[in-house]
Structures are given as structure tokens and as C-alpha cells.
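Enquirer: Can you build the whole structure from these sequences, using the hints too?
Chain order of the listed sequences is A and B. Using the numbering used here, the letters of the first sequence correspond one by one to residues 1 to 347. Using the numbering used here, the letters of the second sequence correspond one by one to residues 1 to 350.
Certain hints may be false.
Claimed, not checked - In silico EDC-like links for lysine to aspartate or glutamate, alpha-carbon gap of 20 Å or less:
{"hint": "1", "chain 1": "A", "residue 1": "Lys123", "chain 2": "A", "residue 2": "Glu339"}
{"hint": "2", "chain 1": "B", "residue 1": "Lys129", "chain 2": "A", "residue 2": "Asp81"}
{"hint": "3", "chain 1": "B", "residue 1": "Lys146", "chain 2": "B", "residue 2": "Glu172"}
{"hint": "4", "chain 1": "B", "residue 1": "Lys278", "chain 2": "A", "residue 2": "Glu319"}
{"hint": "5", "chain 1": "B", "residue 1": "Lys268", "chain 2": "A", "residue 2": "Asp201"}
{"hint": "6", "chain 1": "A", "residue 1": "Lys295", "chain 2": "B", "residue 2": "Glu172"}
{"hint": "7", "chain 1": "A", "residue 1": "Lys322", "chain 2": "B", "residue 2": "Glu172"}
{"hint": "8", "chain 1": "A", "residue 1": "Lys123", "chain 2": "A", "residue 2": "Asp81"}
Keep in mind that the hints were calculated from the coordinates and are not lab data.
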Amino acid sequence: MKIDFSDPSRRDLLKALAAGGGAALAAENLLGQFVNKSAAKGGRIDVHHHTAPPALRQGPGRAGRREWTPEYSLEEMDKYDISVAILTMTQMGNLLYDNTEKGRRNVRMGNDYGAKVMADHPKRFGLMTGVPLPDIDGVMKEIEYGFDTLKADGIGIYTNDNQNRWPGDPYFAPMWKELNRRKAVVYMHPLAPPCCVDLNDSVPSAMNEYDFDITRACTSILVNGVLHDYPDVKIIIPHSGGTMPMIAGRIKDRYAIVKNHRDEYIPNGVIAELQKFYIDIAHASFPYPMAALVKFALPDHIMFGTDFSPEPMESTVNEIPKLGLSAKTWEAIDRKNAERLFPRFKV
Amino acid sequence: MSFPYASGLSRRDLLTAIAATGATLLPAGELTAQAKKGPNARRIDVHHHMLPPFQENMTARHYTPQVSLDEMDRFGTESAVLSLTIAAEYLYDGTEKSIKFARQANEYGAKAMQMNPKRFGFFASLPAKSVDATMKEIDYAFDTLKCDGVSLFTNTGDKWWGDPMFLPMFDELNRRKSAVFFHPTVANCCHNLAGVGDGVVEFDFDTTRTVVSLLFNGVLARCQDIKWIINHSGAAIPTLAGRIKDRVPDAGSNPNGKYNPEAGTSGKVPKGAWYELKRLYYECAHATYAMPIAALREFAPSTQYLFGTDFPIEPTESTVYNLPMRKLPSDVQHALDRGNAERLWPKFKT
Chain A
1 MKIDFSDPSR
11 RDLLKALAAG
21 GGAALAAENL
31 LGQFVNKSAA
41 KGGRIDVHHH
51 TAPPALRQGP
61 GRAGRREWTP
71 EYSLEEMDKY
81 DISVAILTMT
91 QMGNLLYDNT
101 EKGRRNVRMG
111 NDYGAKVMAD
121 HPKRFGLMTG
131 VPLPDIDGVM
141 KEIEYGFDTL
151 KADGIGIYTN
161 DNQNRWPGDP
171 YFAPMWKELN
181 RRKAVVYMHP
191 LAPPCCVDLN
201 DSVPSAMNEY
211 DFDITRACTS
221 ILVNGVLHDY
231 PDVKIIIPHS
241 GGTMPMIAGR
251 IKDRYAIVKN
261 HRDEYIPNGV
271 IAELQKFYID
281 IAHASFPYPM
291 AALVKFALPD
301 HIMFGTDFSP
311 EPMESTVNEI
321 PKLGLSAKTW
331 EAIDRKNAER
341 LFPRFKV
Chain B
1 MSFPYASGLS
11 RRDLLTAIAA
21 TGATLLPAGE
31 LTAQAKKGPN
41 ARRIDVHHHM
51 LPPFQENMTA
61 RHYTPQVSLD
71 EMDRFGTESA
81 VLSLTIAAEY
91 LYDGTEKSIK
101 FARQANEYGA
111 KAMQMNPKRF
121 GFFASLPAKS
131 VDATMKEIDY
141 AFDTLKCDGV
151 SLFTNTGDKW
161 WGDPMFLPMF
171 DELNRRKSAV
181 FFHPTVANCC
191 HNLAGVGDGV
201 VEFDFDTTRT
211 VVSLLFNGVL
221 ARCQDIKWII
231 NHSGAAIPTL
241 AGRIKDRVPD
251 AGSNPNGKYN
261 PEAGTSGKVP
271 KGAWYELKRL
281 YYECAHATYA
291 MPIAALREFA
301 PSTQYLFGTD
311 FPIEPTESTV
321 YNLPMRKLPS
331 DVQHALDRGN
341 AERLWPKFKT
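Expert: Below, the structure is given as C-alpha cells:
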């Protein structure tokens, strides 16, 4: 499939409209920019959508927040023409990645809960099961359990293992090897690493530090050749890539000074290697990150996501009409690109 | 602190590295032709370093201002505003030595400027952990040395600039309507993470951290007369601007779980996050690739763009080779090259 990203700006579209002769083309381009309606037949697939297993909910949450339930998701999904949401557990590294039996039990409990939600609504929910990093043996068991018993659609990991190790670390190699064997889709969700929690009293670590850690994890994977060595793994990263597309050029130019870097990991250049990541637009569909993203990403690697319920869906969908992307582009982002990773939802 | 290209790698090494790793964004054949368009631009480089011989980690570089002039002549850069680099550890240790170092560096910059007033300006450095000494150095640098603003590294080890201890300094800089140029440095938290060199991604993160620290602590709103200059096309500021807006503390972005798209304002950010961030100045050193320029163009008006190179740490080529490929409209290109800088420093007007 070929998507035309050559004229992503609203200015160009308006110019086309003004030209008159291009009215048919422009009208086609303008279609699909609706908040409530997907450009794709069959509706949107939300690849960034969270479960909150009852036993793992942390405290009361933000004041006035409605507690998450599968029904709450379905209501919101219906509002915005989202037919399918692929569930992952949200940011709870302290409960899941504590390297104890308790953490392993929590992961299992969350996975079983997610599987039940999926079984209750098999057409509406997919599931990417969690793993109890940093315990590699536990990870291997949970991968097997997730795929073989729970029939998961993929595996969810965080951008670090809560011990200041990032996913390219050789420590993770057995996990990547197994995920590669299974041709797994991996959702890589940010977690503020221990180094960088509560750095600055007025800036919550849940903000910048999440986006930074996405980029850190990507560079860790890059310099350790993970996607080169394990080419059948497909990794999705959120928030229009965090900061990665914006600074990809600077990462490229620094590759050669990384200690022990290996040129065989980048046969087609650094950018080509970074372009292997699939990227969702949750809470980062603002015109600024999207401008960088469409210059960076391969057209079939961009996906719709919302980060619901930690994030309201509106913070993603409200921006859609402002971007000037064509209906064909939205069809791919909303559904077609995700269908290729999760073929069971194909319509 | 280790910094691989400060002492070791030559321009050739870096250029070879760039060419070897980046076929898709930097077609080698176009490089020379693009660079030749430079000489008519008469650019003003606001991110340009002096490496004084008394700075311990720069002794081996044998830098003189002539090194800068030769490079500027090669690429049609008319003027450069000099600042220190990789010096946070010498400036912000709170000792008498740091106070002396700042003074020595400022006199070095002033001398370069006096010898070539049309070609050089300079940003003063401040021993910011010592508040009294900082206030004295501001007076001396502005009133006696006639500096063009100040240069701050993005953290002082474990503090970012929104910390209340720095308010007297910013109030004084605001009174003087000073330019404040931020240069990245890696904070104590973040050395040697992820098996990737500090210079690869942590620099841009820390620039973003310090801008958000200033925003959320109300310093940007309070100091409306400071001309804030952000490095590397804004590091991650343009791409994260939306997420930053929706996370302004006490801004009520998602009251009762309902999204409020107009949010981003609070007592400390009364005009909103985007108002403050869009009026910062953004220099483009080593960030003229398609992605950062696309994000910056969407985010900030062209009145806020400045030219920078990060020379001699970064080869001038890594900024100027890419710039013509962005095909900026000529008025925008001129604004970036020198027009906006002329407004900030009328002395460079010719």
C-alpha cells in the first residue's frame, strides 16, 4: 500500500481547494478528518488502551475521575468510532516490575483479568499481556502463558525494567529471542526509570520523563541491534514517538561515537533502523509532533491510539480535523496499519 | 565528565560518521553544492563556542578566536555570539574557583569581541550557585564588558532553572531585558544511561527539562522581557508542547475526567503554556533535519527562529548542509539567518 504523505499541510490543501480544478481531489482529501467518525470502514483500532485490573488499581486516582471498567471503555469507544481496543496494563511498574513473587503474581492477575475482558467482548478487545521484568525466567513463562493459554495478541513491556536497564541490554536477549521466534507484536509503554523520578519539584515525572524514556529505549534497541538481530519482532511505541522523530537526525549523527557501536546493526543507516518502530499517536496528534512524525515514519507504521483511560480520548481525537491529512492517510492510521499487525480484526 | 567529541574526534571524523550512518537523510552528493549557497547568507550564529585555553577540558583544543573566524568565512557567517561549552562542572560547583573561572571566561569573550566587534558578540557565564557572586558578575559583564546576554547550562547538577533560588538572577536579567541562551548539559541523574553516550539523547532531554521547569515554576511568565534562546530547534519542546500544555500543574486540564482543550493556564502560567513557549527563540544548530524543522515551523512563528551551529564542537556542515533542503520561504530564511538576530542585537545591523 502506498500512502501519499507528500502534502500533509493544511495550507497545501486550502491552496488545492482555491485552485478549483482540484476540487474533487481536495474534497477527497478533506474527508476523513472527523472527530467522531473514522475514515476507515469498520472503525478505528486503538492500539494504546489500558486495562486497570481491580486488584491493582492504585489509590483513588485523580479527583473526580470515573473508575475504569470495560463498559466505560466501550462507551467512549462508541463515541469516537473505535471498534477495537488492544488492551495493555498501564504505568504500574512499581507493582509489576518489583522482581519479587508479588510482582509476578500481579502480572499474572492482570493478564488473567485482561483475558476475561477480552473473552467477554472478543470483537471489541484485543490483549497484550504483561511480563514480570526484570525476572527473565518469569518473563519466559509469562510469554508462554500469555500466547498459548490466554491467546494474547502481543506482549506489553515498559521502556525500562525499573532497575535502570533498557530493553537493548544484553540481559534481555533471551526475551527478544523468544519473541522473535513467535513473531510477536510488542507494546513498549513508557515508565519513568529510577534515575529520573521526581527530579524537579514542579515537573511531574509522568510527563517529560515518559517521553524521554521512549527515546532512550529506542536508542538502546538501536545500538544493541535488537531489531536487526530479531527482525520478526514488531515494536509499537506511543505518543508519536515521544521525542524520537524530532531528534532522530541527531541520534543518527551520534551513532558513530557510541562506545562499542557496530556498523553491521545499521546496514541501511540509523534512520532506517529507527523507522522499524511502529508509532501510535495517543495524546500526540497535535500539529507539532505530527509534523515531525509524518516526515519521519513509514506511512504504514503510524497507528491510532488514545492512552485511555489515563488520558481522555478527546486529547487525541480533537486534533484530527486540524491536521490536513487525507482520508486515505487516516484510513491507514485508523485501522489498516493495525490490521496488518493484528489480522484477526481485519474486516 | 566524559565527552567524546570535545577532545578526540576531528571534524573529518564527525563528517565521516555522519555520512556513514545517514544515507537516507543526508545524500552525500548534495552536500557540497548546498554548502556553497552559504556565503551570501551573512548569517549570525548564536550558538558558537569559545574554548578558552584555561578551561581544563579544552586545553588540548588549541582554540583561538581565529579558528572561529576561519570557519565563519568558509560558510558566510558574518557574526557569532560566543559562549562556553562543556563547562557546567567548572561554573556551578559553588566554589571560589568557579567565581574566578566565570570572570576569566567573560574577560576572554569580551576581548575577542573588542578585537572584532563586527564579527563577535559574547554571552556571559555566571557562577550561579553563588547568588551574590552571580549578581556581581551580571553587573560587571553587562556594564563593564558589554556582554550580549548570558549563557546558562541547562542544569546545575541537581537543579533546573525554575528552582526558586535562581529567581533574583532572573529578575535582574529581566530588568536588563537580557538574552538568555541555554546550552545543554547532562544532569547528575542521567549519565551513562541505556548504554548510549550522554551526548546522543540526554542533551535534548535536559534542555526540555529546564524549559518546563521555568514554565511550571512561573519564571517564563514572570520574566516577560528576557529573550530566551533554546538550542537545537527547541530540543523536544515543539513535539511535546501539546503534552506539556495538558500537564501544567493545577491547570485543570482534565477536570472530572473531561478534557478541557483550552487548558494549560494556571496561577503560574496565566497566559497558558503555548503562549509562553511560542515566544521563546529557537536556534537551529544540528537540528535542521526535516523532522525538527517541520515541528518547529508548525509550532513557533518565524520571528522566533535563529541561526546556530554549535561550532567547533559540531561541524558547521551538520547544520548548513541540511538547511537549503528545507526550502524555507526567502523571508523566513532571512529571518532565521540574521533578521531576527538583528532585532535582538541591533549592533550587528549593517
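Enquirer: Between the alpha carbons of Lys322/A and Glu172/B, is the straight-line distance 20 Å or under?
Expert: Distance of about 41 Å is beyond 20 Å: violated.
Enquirer: Given the hint that Lys123/A pairs with Asp81/A, does the C-alpha gap stay at or below 20 Å?
Expert: The given pair, whose Cα atoms are some 14 Å apart, holds under the 20 Å limit.
Enquirer: For the pair we were handed, Lys123/A and Glu339/A, check the Cα-Cα distance against 20 Å.
Expert: Holds, at about 13 Å.
Enquirer: Lys295/A and Glu172/B: Cα distance at most 20 Å?
Expert: Judged against 20 Å, a Cα distance of about 41 Å means the pair is violated.
Enquirer: What's the verdict on Lys268/B and Asp201/A, does the C-alpha distance respect the 20 Å limit or exceed it?
Expert: Given that 20 Å is the threshold and the Cα spacing comes to 14 Å, the pair holds.
Enquirer: With a cut-off of 20 Å on the C-alpha distance, tell me whether Lys146/B and Glu172/B pass.
Expert: This hinted pair holds, its Cα atoms lying about 15 Å apart.
Enquirer: Lys278/B and Glu319/A: Cα distance at most 20 Å?
Expert: 18 Å, holds
Enquirer: Taking only the CA atoms, is the gap from Lys129/B to Asp81/A under or equal to 20 Å?
Expert: 54 Å, violated
Hint check: violations occur at hints 2, 6, 7; the rest are consistent with the structure.
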